[in-house]
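Chemist: Take a look at the letters that make up each chain.
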Amino acid sequence: MDPLSWGAILAQMLLQFTPVWIALAVTLGISRAYKRRLGLYGKLYDSGIGIAGFTLVMFWVYTAVFANMIITHEPLTVISGMKNALPGSPMPDGHEGYGYYLLGGDNLARDVFSRMVMGAREVLKIAPAATLFAFMVGITLGLPAGYFGGFLDTALSFIANLVLAFPVILLFYLLVTPEIVATGIPTYMAAVLFLFPIAFLVVLWNARFFTQPMVRNIYVGLTLALGLWLYSGLAFNADPLGVVSMPPNVLIVFVSVVFVNAPTVFRIVRGIVLDIKTRDYVAAGQTRGEGPWYIMLWEILPNARGPLIVDFCLRIGYTTILLGTLGFFGLGVSPESPDWGSTINEGRRLLSIYPHPALPPAFALMSLVLGLNLLADGLREESLKD
Amino acid sequence: MAFFILRRVGVMLLTSLCLTFIVFFLTNLEPNLEKLAKTQGNARMTDAEVTSWLDRNGYAQPMVLRYGEWLGVLPGWTREAEDGTVTGRCIHGTVTAETAPRFCGILQLDFGQSTVFREEVSSIIGTRLGLTGILMFWVMVVMVPSALIIGVLAGMREGSRTDRALSTFSIATTATPEYVSGVIFITVFASSAVGLKWFKGSAASAMDGVTFENFTLPVLTMALYGMGYIARMTRASMAEVMTAQYIRTARLKGVSFPNIVVKHALRNALIAPFTVIMLQFPWLLTGVVIVETLFNYKGFGWTLVQAASNNDIELLLSCSVVAVFVVLVTQLISDIGYVYLNPRIRMA
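Line by line, the protein sequences give chains C and E.
Residues in the first sequence are numbered from 1 upward in steps of one, following our numbering.
Residues in the second sequence are numbered from 1 upward in steps of one, following our numbering.
Treat the hints with care, as some may be off.
Partial selection, computed: residues in chain C whose CB lies under 7 Å from chain E [said to hold, decoys possible]: (1) Leu162; (2) Trp229; (3) Phe236; (4) Ile344; (5) Pro355; (6) Leu365; (7) Asn373.
Honestly, the hints are just simulated from the structure, not real lab data.
Glycine residues also receive a C-beta, built at the ideal position from the N, C-alpha and C atoms.
All chains should be modelled from the sequences, with the hints used to inform the complete structure.
Modeler: Following this line, the structure appears as structure tokens:
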């Protein structure tokens with residue numbers, strides 16, 4: 001068989017992404033039709049930048065979801081004779097399955113295209129979840145720090161500044177090593193950090209429903225049961241049912257990314273709370289006799305959602321960059337992993353002779369982060385309008 | 001003002017004390033010391049031999065004591081072997097037991113010995129920082145003026161086509177971390193297979209002499225990522241200033257648009273970016289590590305990677321002292337500078 005031309009490669013790739021195109025068309029079509037009823041998300045469809053960003057992000061989300069249907073080869077399969085093969089190279093004779101390496105082969109003769117697609121899944125498994133956890137930690141600590149002020153604020157701000165003054169890269173090098181994993185420090189950090197989402201939800205339900213003990217008990221009970229079950233599995237790998245678990249090297253990456261991001265979220269939340277707590281509706285709530293946690297979680301937090309949603313999008317992008325940095329230095333995730341940072345790291349060694357293994361993950365990472373930044377920009381613009 | 005600076009310096013000292021202790025703690029954990037013993041002594045040491053090696057080299061003391069010794073507030077350990085030879089923390093190289101000082105920590109400017117490079121840490125850090133300083137200088141020369149120009153051009157007419165184009169450009173640069181843009185630049189400009197072959201893909205020769213050919217790509221790679229953020233801040237600040245009352249007054253008086261921008265708006269619009277530029281230094285540190293690794297430029301970032309991956313405790317500690325120092329000093333300068341530049345803030 002002859003190698004494919006660049007046009008043919010492009011056509012084949014577009015074809016492989018068919019499930020993504022269908023899902024994108026459905027999502028955008030339906031959302032556009034009902035955009036007037038969809039609140040802030042619907043208003044996104046009025047801004048060109050926002051819709052471009054949203055499309056890019058959803059492209060990668062759907063790629064991660066349908067990765068199994070898109071890939072042409074298994075991301076870890078090595079096919080002899082395909083080492084550093086150029087894009088569009090045909091398979092050696094007598095091979096079953098897909099006939100080409102669409103974007104060529106890497107240094108270990110694996111398919112670059114399939115690894116890039118699977119990399120989307122690796123990245124999108126960690127980045128949004130880690131950002132969410134960082135937000136839970138930042139909000140749970142930032143609300144009382146801004147609202148109560150005083151010693152609590154001073155102490156928490158000092159700790160936050162301490163973490164922020166730490167060069168990120170040094171922290172990663174110190175935390176994400178096999179020796180540190182052996183001491184169990186990541187597990188302790190996970191044990192502390194993973195408590196915050198549970199604490200956040202429990203306080204949230206309690207503040208809302210403490211006048212109706214029955215409802216409160218149901219909500220808090222459910223949260224505790226579910227939360228502690230996940231907690232035992234994620235932090236200690238000791239899930240009694242054996243369903244939830246997190247490999248130690250993913251856990252350490254996850255924990256350090258949350259740890260790096262949480263102080264910034266804390267500072268943002270604290271700043272917003274300092275601003276909002278001088279408003280009249282907070283004073284009205286205090287006069288009505290609402291408790292401090294009710295005011296923080298049900299009066300201040302909903303009013304702070306605009307900047308927080310925008311920052312959430314930006315921060316997912318930043319977390320993606322951080323994960324890439326970790327991969328680039330070969331820290332944490334296993335070397336076999338198809339995540340984009342590690343793939344770029346592997347590809348850069350032979351960059352001047354064979355650039356094709358490093359470029360696809362580089363462009364993938366760039367487009368995802370660009371999408372998130374554009375989305376955040378669009379959201380900011382639309383949320384400022386009203 | 002004096003009290004403000006004094007308080008900031010106090011907090012800064014406390015912060016650096018905490019941070020260095022954290023680094024000290026993490027580098028001196030049990031498994032790290034064991035690894036150090038095995039790399040320094042013999043890879044096939046038994047556990048008992050490891051323990052005795054650590055004991056001989058002063059690692060068996062409690063961590064807080066050793067931190068004090070490293071800091072230079074506690075006297076360094078000394079130890080007399082059975083045959084009468086004296087070893088100690090302060091005894092290395094040409095220093096003998098008789099001439100050795102009692103204290104030798106970073107307060108005495110004794111940074112210790114690197115176990116990987118077999119050299120004084122202070123001389124390593126000195127040369128490497130010099131090399132990184134050259135890189136940083138050129139990055140700043142490229143990054144700051146172009147970021148400010150982009151920001152001012154975009155912000156002076158908010159919502160115009162120029163604004164849209166430049167804003168999208170700056171968003172795109174913030175979405176391109178160094179390891180992505182570096183890979184793309186090397187492929188396009190330096191790859192021997194495809195590409196233009198204008199520049200070199202490695203900056204190793206730049207350590208002897210900087211040329212346009214070997215230094216363009218690393219500088220460009222680093223400048224690009226930081227540029228977008230500064231440009232966006234400048235744009236926001238400029239756009240805000242352009243809606244101010246005094247700008248409208250100037251327009252109504254009939255001052256020409258270029259004059260308004262340069263003489264009236266620019267000064268006030270540059271207050272916010274100043275802070276951002278100063279706070280950009282810590283971010284540049286991560287960039288330095290990535291770019292120096294990617295382009296094989298043996299500066300401070302490269303040294304940090306070597307120290308961290310080989311668990312070179314003394315070198316890593318000194319690297320973090322430098323890094324933390326840079327971060328804290330830039331924070332201090334940005335705070336003080338902000339107060340000086342902004343006449344609306346008066347310190348009581």
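Chemist: Confirm or reject each hint.
Modeler: Hints, verified against the model:
1. Leu162: holds (6 Å)
2. Trp229: This hint is violated: Trp229(C) lies away from chain E, its Cβ roughly 31 Å from the closest one there, beyond 7 Å.
3. Phe236: For Phe236(C), the interface hint is violated, since the closest Cβ of chain E sits about 20 Å away, which is over 7 Å.
4. Ile344: Because about 6 Å separates Ile344(C) from the closest Cβ in chain E, which is inside the 7 Å limit, the hint holds.
5. Pro355: Holds, because the Cβ-Cβ distance from Pro355(C) to chain E comes to roughly 4 Å (cut-off 7 Å).
6. Leu365: holds (6 Å)
7. Asn373: Since the shortest Cβ distance to chain E is 5 Å, the answer is holds.
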